[in-house]
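Participant: With chain A's structure known, arrange chain B on it following the hints.
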Amino acid sequence: MKVFEKSPSFYQVFERKSGPAKEATHYCPGCGHGNAHKMIAEALEDLELTSKTVFISPVGCSVFAYYYFDCGNIQAAHGRAPAVATGVKRANPDSIVISYQGDGDLAAIGTAETIHAANRGENITVFFVNNAIYGMTGGQMAPTTMIGQRSATTPLGRVAGVHGNPIRMCEMLATLPAPTYIERVCIGDSKQIMKARKAVRKALQIQAEGKGYSFVEIVSPCPTGWKMDPVTARDWMTEEMLKVFPLGVYRDESGNREEGDWHRHYEGFDPAKVNPYLDRLKTSMTESEPVALKQDLNCKFAGFGGQGILTLGLFLSQIGMRAGQQVSWFPAYGPEMRGGTANCSVNLSSRRIGSPLVDEPNVLVVMNQPSLDAFEDSVVDGGTIIIDTTIVEGKPDGKRLNAVMIPATEIADQVGTPKIANVVVLGALAAATDAFTPEFCMETLRSVIKKKSLIEMNMEAFRKGYDFVKNS
Amino acid sequence: MAKQFMKGNDAIIVGALAAGCRAYYGYPITPASEIAHAAALHFPALGGVFIQAESEVSAINMVYGTAGMGIRTMTASSSPGFSLKQEGLSYCAGAELPCVVVNIDRGGPGLGNIAPEQADYFQVTKGGGHGNYRLIALAPNGAQEMCDLTMKAFDLADKYRNPACIMADGITGQMMEVVEIPEAKPLAVDHSSWCVAGTPETSGHLVSSIFLESTDLEEHNLKLDRKYKEVMANEVMFEEYRTADADLVVVAYGVVSRIVYSSIDAAREEGMKIGLLRPITLWPFPSAPIAAHAARGASFLAVELSTGQMVEDVQLAVAGKTPVHFYGRCGGMVPKGQELLAEYRKIMEGGN
Numbered sequence: 001m002k003v004f005e006k007s008p009s010f011y012q013v014f015e016r017k018s019g020p021a022k023e024a025t026h027y028c029p030g031c032g033h034g035n036a037h038k039m040i041a042e043a044l045e046d047l048e049l050t051s052k053t054v055f056i057s058p059v060g061c062s063v064f065a066y067y068y069f070d071c072g073n074i075q076a077a078h079g080r081a082p083a084v085a086t087g088v089k090r091a092n093p094d095s096i097v098i099s100y101q102g103d104g105d106l107a108a109i110g111t112a113e114t115i116h117a118a119n120r121g122e123n124i125t126v127f128f129v130n131n132a133i134y135g136m137t138g139g140q141m142a143p144t145t146m147i148g149q150r151s152a153t154t155p156l157g158r159v160a161g162v163h164g165n166p167i168r169m170c171e172m173l174a175t176l177p178a179p180t181y182i183e184r185v186c187i188g189d190s191k192q193i194m195k196a197r198k199a200v201r202k203a204l205q206i207q208a209e210g211k212g213y214s215f216v217e218i219v220s221p222c223p224t225g226w227k228m229d230p231v232t233a234r235d236w237m238t239e240e241m242l243k244v245f246p247l248g249v250y251r252d253e254s255g256n257r258e259e260g261d262w263h264r265h266y267e268g269f270d271p272a273k274v275n276p277y278l279d280r281l282k283t284s285m286t287e288s289e290p291v292a293l294k295q296d297l298n299c300k301f302a303g304f305g306g307q308g309i310l311t312l313g314l315f316l317s318q319i320g321m322r323a324g325q326q327v328s329w330f331p332a333y334g335p336e337m338r339g340g341t342a343n344c345s346v347n348l349s350s351r352r353i354g355s356p357l358v359d360e361p362n363v364l365v366v367m368n369q370p371s372l373d374a375f376e377d378s379v380v381d382g383g384t385i386i387i388d389t390t391i392v393e394g395k396p397d398g399k400r401l402n403a404v405m406i407p408a409t410e411i412a413d414q415v416g417t418p419k420i421a422n423v424v425v426l427g428a429l430a431a432a433t434d435a436f437t438p439e440f441c442m443e444t445l446r447s448v449i450k451k452k453s454l455i456e457m458n459m460e461a462f463r464k465g466y467d468f469v470k471n472s
Numbered sequence: 001m002a003k004q005f006m007k008g009n010d011a012i013i014v015g016a017l018a019a020g021c022r023a024y025y026g027y028p029i030t031p032a033s034e035i036a037h038a039a040a041l042h043f044p045a046l047g048g049v050f051i052q053a054e055s056e057v058s059a060i061n062m063v064y065g066t067a068g069m070g071i072r073t074m075t076a077s078s079s080p081g082f083s084l085k086q087e088g089l090s091y092c093a094g095a096e097l098p099c100v101v102v103n104i105d106r107g108g109p110g111l112g113n114i115a116p117e118q119a120d121y122f123q124v125t126k127g128g129g130h131g132n133y134r135l136i137a138l139a140p141n142g143a144q145e146m147c148d149l150t151m152k153a154f155d156l157a158d159k160y161r162n163p164a165c166i167m168a169d170g171i172t173g174q175m176m177e178v179v180e181i182p183e184a185k186p187l188a189v190d191h192s193s194w195c196v197a198g199t200p201e202t203s204g205h206l207v208s209s210i211f212l213e214s215t216d217l218e219e220h221n222l223k224l225d226r227k228y229k230e231v232m233a234n235e236v237m238f239e240e241y242r243t244a245d246a247d248l249v250v251v252a253y254g255v256v257s258r259i260v261y262s263s264i265d266a267a268r269e270e271g272m273k274i275g276l277l278r279p280i281t282l283w284p285f286p287s288a289p290i291a292a293h294a295a296r297g298a299s300f301l302a303v304e305l306s307t308g309q310m311v312e313d314v315q316l317a318v319a320g321k322t323p324v325h326f327y328g329r330c331g332g333m334v335p336k337g338q339e340l341l342a343e344y345r346k347i348m349e350g351g352n
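Residue numbers (the numbering used here), protein chains in the order written: chain A, 1 to 472; chain B, 1 to 352.
Bear in mind the hints are in silico, worked out from the structure with no lab data behind them.
Quick caveat: nothing in here was measured; it's all calculated off a predicted structure.
For each residue, glycine too, the CB sits at the ideal point set by N, CA and C.
Among the hints, erroneous ones may be present.
Example chain A residues on the side facing chain B (calculated, C-beta under 8 Å, incomplete) [claimed, not checked]:
1. V63
2. Q75
3. A85
4. T86
5. M228
6. P271
Isolated chain A, as found in the complex (with noise of 0.2 Å):
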């Protein structure tokens, strides 16, 4: 008869299992492992699963389950078999994927691991051992540990307002909308494990056939961690655990997700594809013979937040990629910048630029009071700072710096929208510095400007500036 034989979904012998037994398992007398993975084995061959099944092992004693199914098998970090298990599902969606995980190593450090993968409904399956207690490092409460119940770390048994309730994994992933299906299952008398082995067989074919996320907790005895014999944890598994752990299906949608549902969302990757799509992240800016610099454009960009100071720094910064320069701009970034003062830096060159960051400006502009107080001194002898005189009330060195006073946000507003005050300044600082001539940037202007409505406005906006300094 067939159960009576090892399933081809196992090694027939265990090559990977250090020591002389190669044909026993590592588990002990009476465990729930040897019965769990019995049930996975047959449903993953009759199931014709096996060849493309990618089996993640966790920490505990079920570390070892790549002794025994022969299968792809990834070994993964304490908790996070449901973490490896979505890297793997994602990789390849037509693999079969099983997380097979304890109760320390589920419902304990992996938790979060555990409710989120069930959250996202991921097509995996997670077969969840519980015993009750952390086998494999000693004997220790595991977060399932019964009250009352004796361990390593709980010599005087547990106690609920000291080391809290056991937690039931199945009736809190039910409150879940996208897992597929969850059900309880135990290593009980016959008629019980007849039940445990469909639920594992369902679990599996739920995700063959592409229904999402299943769940099967398999509740089992530890004779070693209980300090029980075989007969005796058996008896008291079902008699005692079964009270906090009822078995049960808690969640069945099989019947109503569709075939292949969960694959709908994954494509798959195409090379073929990158190539053009890279082509659309390059500028839209039309071609240019290179300008020269008359001199380096060392800029600081100052006002408040919501003036466009970060933009007219981008702008700036394309009219010199435009002009071929080398160029650079760095925004003071961060919480402080939300609703309070905004600067940048940009820097245009012929040569390799280094430092981002501009703490001598030859170019400074200022659109609030507290950037002409904050800056002013740093800017070099003989360097242009343009003021927005709508705003700044304060007045620079006029010996010391060449000082272009221009009331942007009022001429923006002339024109159509005080939000183009920064392009105003733009002009003004074409003007003043002479690096680019009018035409050169508007042009860059128009390639750059997505909203194709608003460029007119623009284009007004900075001649309006550029001839204020010009005529005046």
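Facilitator: Relative to the frame of chain A, chain B by itself:
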């Protein structure tokens, strides 16, 4: 134009796409979040994978899963998040899985702040997790290198079957520069001999870092060590500026190397013979060129955004032959050019 003006953080994803990376897993954190934003936009558009993981720990373990399938994959974070990834990186190194992890270094320790720092140098270069392992660590100092060195990181990770790390400061992540968009080339790597791809051809393979027998684990460690020595022999990258006759060689990487670069010519105009040696690989560290300058009598100054981490590797390379000075700012403070010049004057007047 085959170029774009972009942030260093965005350039990392452009490099990753061109390198054939197919899956990105990450968790939001300033100042690295733009990397996840770009990945969320670009990877699904190509049929690739993007998952915002529930934690940094999960993100690196999703990387572990995809890397185990022999597929190019990555994650990115900033210092506190990078700390959380150390367990996963140790497993990746132990199981010899190629992957790329980016650390946009911010101020620490603890929550610190979001300003630029380089105080994760020890964690990045000395094996921040448990066990005998190293990350191959590359330190870009501009947007083009964020792209190009990310591509290089994938190649090195595959070549040595080891995680490779992009170590950049917050400034290099946030600044924008002109980037030449690269072309994706067909991948030449073949991981079919070991990977677990969920296919009949790879069934029977095992990805694992467990070696129960001490003899086996020692053998495994020695094998990794041989690999790391090979990396040290073959993969050192650095750049020098006016060092040939320098009395003082300034060693700096990332954004600091650019601030130093700006100060070198000014120092020379004042008659100080100063040059810049910039490690591009932090591990393997360019010890040989530093030792060569020490042998001809040059002194050294390590400048870092830390209270002194890389300087220890400079000292190891110099081996006591000549003085090694240190200048550092931290907490998000960045040295100004004038500040460095004052430091150079102080050292040069001190007669070293």
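Participant: Against this structure, judge whether each hint is valid.
Facilitator: Against the structure, the hints:
The closest approach between the C-beta of V63 (chain A) and any C-beta of chain B is roughly 7 Å, which is under the 8 Å cut-off, so the hint is satisfied. Of the supplied interface hints, the one on Q75 (chain A) holds, with its beta-carbon coming within about 4 Å of a beta-carbon of chain B, less than 8 Å. Interface restraint check: A85 (chain A) against chain B, minimum CB-CB distance 6 Å, threshold 8 Å, status holds. Below 8 Å, beta-carbon pairs count as interface contacts, and T86 (chain A) has one with chain B at about 5 Å; its hint therefore holds.
With a least beta-carbon distance of about 27 Å to chain B, the hint placing M228 (chain A) at the interface is violated under the 8 Å criterion. Interface restraint check for P271 (chain A): the shortest CB-CB distance to chain B comes to about 7 Å, inside 8 Å, so the restraint holds.
Hint compliance for this structure: hint 5 is the single one not met.
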